[in-house]
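*Asks:* Sequence:
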Amino acid sequence: MRHIQSENHSSAHALGSLRARCYQQFSSGNRQFGYYSLSALADEAGAPLQSLPFAIRIILENLLRHADRDDVGETLSKQILTNYPDRVGRDTVPLMLARILAQDVSGIPALIDLATMRDVVAQSGGDPATINPRIPVDLIVDHSLEVDHAGSNAALDLNVALEYSRNRERYTFLKWAQENVDNLSIVPPGAGILHQINLEHMARVVFIDDSQNPPLAYPDTLAGTDSHTAMINAIGVLGWGVGGIEAEAAMLGEPLSFILPPTVGVRLINAPSAAVTAADIVLTLTRRLRQAGVVESFVEFTGPALDSSALTLEDRATLSNMSPEYGSTCAFFPVDAVTLDYLRRSGRDAATIAMIEQYCKLQGLWRDAQTPEPVYSRVIEFDLALVRSSGAGPRRPHDHVALADIPESFLSVCPKAASTPSSATANAQFSHGAVILAAITSCTNTSNPAAMIAAGLLARNALAKGLRSKEWVKTSFTPGSRVVSSYLQSSGLQSHLDEMGFHLVGFGCASCGGGSGPLRPDIQTLIEDKQFMVSAVLSGNRNFEGRIHPLARANYLVSPALVVAYAIAGTVRIDLTREPLGTTHNGAPVFLSDIWPDNTEIRKIAQDHVTPEHFESQYAGISTGDARWQALPSGGTTLYEWDDNSTYIRRPPYVDDRPPATERSLHNAAPLLILGDSVTTDNISPADAIRPGTPAGDYLLSCGVSPAALHTFIARRGNHEVMMRGTFTGGRLLNELLPDGPAGCTVIEPARQIASIYDAAMHYLSNHIPVVVVAGLEYGTGSSRDWAAKGTRLLGVQAVLAESFERIHRSNLVNTGVLPLQFEPGVTRHTLGITGGSRLDIEIPDHMEPLSWVNGQIHTKGEVKQFRLQVRLNTTHEEAVWRKGGILPAMLDQKSGTR
Numbered sequence: 001m002r003h004i005q006s007e008n009h010s011s012a013h014a015l016g017s018l019r020a021r022c023y024q025q026f027s028s029g030n031r032q033f034g035y036y037s038l039s040a041l042a043d044e045a046g047a048p049l050q051s052l053p054f055a056i057r058i059i060l061e062n063l064l065r066h067a068d069r070d071d072v073g074e075t076l077s078k079q080i081l082t083n084y085p086d087r088v089g090r091d092t093v094p095l096m097l098a099r100i101l102a103q104d105v106s107g108i109p110a111l112i113d114l115a116t117m118r119d120v121v122a123q124s125g126g127d128p129a130t131i132n133p134r135i136p137v138d139l140i141v142d143h144s145l146e147v148d149h150a151g152s153n154a155a156l157d158l159n160v161a162l163e164y165s166r167n168r169e170r171y172t173f174l175k176w177a178q179e180n181v182d183n184l185s186i187v188p189p190g191a192g193i194l195h196q197i198n199l200e201h202m203a204r205v206v207f208i209d210d211s212q213n214p215p216l217a218y219p220d221t222l223a224g225t226d227s228h229t230a231m232i233n234a235i236g237v238l239g240w241g242v243g244g245i246e247a248e249a250a251m252l253g254e255p256l257s258f259i260l261p262p263t264v265g266v267r268l269i270n271a272p273s274a275a276v277t278a279a280d281i282v283l284t285l286t287r288r289l290r291q292a293g294v295v296e297s298f299v300e301f302t303g304p305a306l307d308s309s310a311l312t313l314e315d316r317a318t319l320s321n322m323s324p325e326y327g328s329t330c331a332f333f334p335v336d337a338v339t340l341d342y343l344r345r346s347g348r349d350a351a352t353i354a355m356i357e358q359y360c361k362l363q364g365l366w367r368d369a370q371t372p373e374p375v376y377s378r379v380i381e382f383d384l385a386l387v388r389s390s391g392a393g394p395r396r397p398h399d400h401v402a403l404a405d406i407p408e409s410f411l412s413v414c415p416k417a418a419s420t421p422s423s424a425t426a427n428a429q430f431s432h433g434a435v436i437l438a439a440i441t442s443c444t445n446t447s448n449p450a451a452m453i454a455a456g457l458l459a460r461n462a463l464a465k466g467l468r469s470k471e472w473v474k475t476s477f478t479p480g481s482r483v484v485s486s487y488l489q490s491s492g493l494q495s496h497l498d499e500m501g502f503h504l505v506g507f508g509c510a511s512c513g514g515g516s517g518p519l520r521p522d523i524q525t526l527i528e529d530k531q532f533m534v535s536a537v538l539s540g541n542r543n544f545e546g547r548i549h550p551l552a553r554a555n556y557l558v559s560p561a562l563v564v565a566y567a568i569a570g571t572v573r574i575d576l577t578r579e580p581l582g583t584t585h586n587g588a589p590v591f592l593s594d595i596w597p598d599n600t601e602i603r604k605i606a607q608d609h610v611t612p613e614h615f616e617s618q619y620a621g622i623s624t625g626d627a628r629w630q631a632l633p634s635g636g637t638t639l640y641e642w643d644d645n646s647t648y649i650r651r652p653p654y655v656d657d658r659p660p661a662t663e664r665s666l667h668n669a670a671p672l673l674i675l676g677d678s679v680t681t682d683n684i685s686p687a688d689a690i691r692p693g694t695p696a697g698d699y700l701l702s703c704g705v706s707p708a709a710l711h712t713f714i715a716r717r718g719n720h721e722v723m724m725r726g727t728f729t730g731g732r733l734l735n736e737l738l739p740d741g742p743a744g745c746t747v748i749e750p751a752r753q754i755a756s757i758y759d760a761a762m763h764y765l766s767n768h769i770p771v772v773v774v775a776g777l778e779y780g781t782g783s784s785r786d787w788a789a790k791g792t793r794l795l796g797v798q799a800v801l802a803e804s805f806e807r808i809h810r811s812n813l814v815n816t817g818v819l820p821l822q823f824e825p826g827v828t829r830h831t832l833g834i835t836g837g838s839r840l841d842i843e844i845p846d847h848m849e850p851l852s853w854v855n856g857q858i859h860t861k862g863e864v865k866q867f868r869l870q871v872r873l874n875t876t877h878e879e880a881v882w883r884k885g886g887i888l889p890a891m892l893d894q895k896s897g898t899r
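Under full-length UniProt numbering, the letters of the sequence shown match residues 1 to 899, in that order.
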């Protein structure tokens, strides 16, 4: 549907207003534009703009442009400009976004919620057609691809056919939305990954509101329903990942509210050595920044390496992409000449590029070698010359490991492999450490032509030496856009990847998101019978245990070229820096250094083949879809016609079940689960296959679904009955209430009855016993899965008590009405002695300031312990949303005038 700009700036010229005083115009080409001048604001405030980080300048412009809003006002922007360091952690920023980016996993539930809100409005006598996004929303279908077929030229067509067959109900719902929801654009399956499409095509850098006269220019800002949205920071666009629920509120006109964060400057110096890739850099950087503690901070890149040719724009995108892995909210690169060069190479028109340059220079958003370095909250220097070839693993993306040390890292999690024969020979036999999956996948690296070209050249060089992928390795190639396939075809490199087994199998997240598909039956049987601990290698950004494939207990993130190398080796128990990958036909050893691509050739191929024509042709008509998409049913009415028999799309209940607005204290609450550190959203809300014999599987079987068609949790996120039954059932989730028990189970106290988590939750609900989840550090790491919070809420969990929270999941909990509570430093579930038999009382006052402390009691076997908890409601807005039972009830109350 068309994009509708709802904001009207005519009030900017009210006599005497701050906006009026800062409103100016400029000409670019033959067009005139209006803008709100940061220089004018700086003059009025009597403070220098150049000392502020660039990302904060973008926030300042947003506050200035919306200074007439009651929740912004005229003083906030001046306060931040005048004394940013002192305002960090104190001021609440209500950011009015330019647009929303969504993928299907979170986007479909968000649209289901919108359809549900239309029902509620219609039932109350209102006009459901008024429930539309108020800012542009782009939804890219990219998370549903599964690699069922690989290693053949037919794999692409076979996988796409299966994708449409499995997801017909979901895609038909999206066709309804495409026809009936304003301000929504949908990119059908098969185009690529949302972050790469955003970078290559959608990012505006400077947004233009043509409804104003003259058109109003302002910085492009966005939130995305995927944690890696921060990849777009590489092009000077400020944006980051949020939960689908938070994105829904922004769609409907609510600000994205957050506490003003500190900004950590990462000063990049020198240049990387010839054999180092962007993947090596970002994996090294991820460990460094995770250790430095940048969670919930802005990260902004600076330093002399930005003024040289040390990093391309695509290299920058790789660094920004993995912002969630090092924990920052964003990872920002200011607009500069490298940005403009990329815009030209990716097919943006010359007039737009000229306007972007002029606007950024006028607004102090342009950086070059003469620009003073901003004053940051702190600065971390990162020497690119010290980076070496490396990977991350075997279980976390910030577990950086030098390439030579990967065999040792595997032995640290599989010590029994040391007593078995090494498989690091040309005539290797299958054993511990075998690589069962080698996937060139994910926007992190497939957006980088140098990385993709290097993989193709390494495959070519290896084939010339007589090397092939091991026969037990499932190889696959899923690029993040069709542009990649286009330039690899034109350069001839795709043929070498095909011969090595890396045939194109689809365009989407695939293996990086857990859609790696089945193994060969004989390989799976071998692993299960012999209980081998096996590995996956991929060029993605997430490698949590159980995410990539249930049988891959060790997972390594490496560059695309190294993915090819490990497919040839067939094992991670090989030191690629000194052991041969194999032998030539004549028996001569072949080392990685013998086939490693030359940078000069990589640059020449990129110059000749990564051209604007590829971008222009591949993005023409991107929303049209293929014949399968066009054949799906379309039309319908303003109200979605729910199918009570659907097992994919169901009307959710959480807007109908609202808690009391004031009384939210907990009395006699029972722990539903007690968990450890670094609990991921993958384990809270898994994405893997739904199995018979589980609550979700048995529910679907009772609905008449065949065992072969149970599909995956990632596909059935439009059905709350499935998703709540799957919550907390991740295969690697250790519930300390039942450490040796079956996955997905817990203990009902005081009877000590073992039950599925779903059944236990229903037991407590029916007996009116509130439940909580207790956890350790970094609760909710990983993907921005809104169902990890929605499922928690539907199980009746009223609060999560943890030592710390990851940013997005904490926000998701609040927006579903679940209270995040944080222990005092040094206090843990262990020091408090919380067990399954404990009962908790937590007193919540009727009103709280942000980040208040509350008192609680723990009753365990007649003993009572007093303790304190910090309420992780970071803003007054979050407290209001939580008291309403979540963002959707809050939005509905606002529309009905009962807020």
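Don't take every hint at face value.
[Unchecked claim] The following label-pair restraints were derived from C-beta to C-beta distances: (1) H830 / R21: 55 to 61 Å; (2) A631 / S702: 29 to 35 Å; (3) L765 / P521: 28 to 34 Å; (4) A351 / K604: 40 to 46 Å; (5) G89 / L765: 47 to 53 Å.
Read the hints as simulated data drawn from the structure, not as lab findings. We put the CB at the ideal spot given by N, CA and C, even for glycine.
*Asks:* If a hint holds in the structure, say so; if it doesn't, say that too.
*Replies:* How the hints compare with the structure:
1. One distance hint, 55 to 61 Å for the beta-carbon pair H830 and R21, holds here, with the actual separation near 58 Å.
2. In this structure the hint that A631 and S702 lie 29 to 35 Å apart at CB holds, the actual value being about 31 Å.
3. Evaluation of the 28 to 34 Å hint for L765 and P521 yields a failure: the beta carbon distance comes to about 41 Å.
4. Roughly 30 Å separates the CB atoms of A351 and K604, a value that falls outside the hinted 40 to 46 Å.
5. Distance hint check: the CB atoms of G89 and L765 are about 38 Å apart, inconsistent with the given range 47 to 53 Å.
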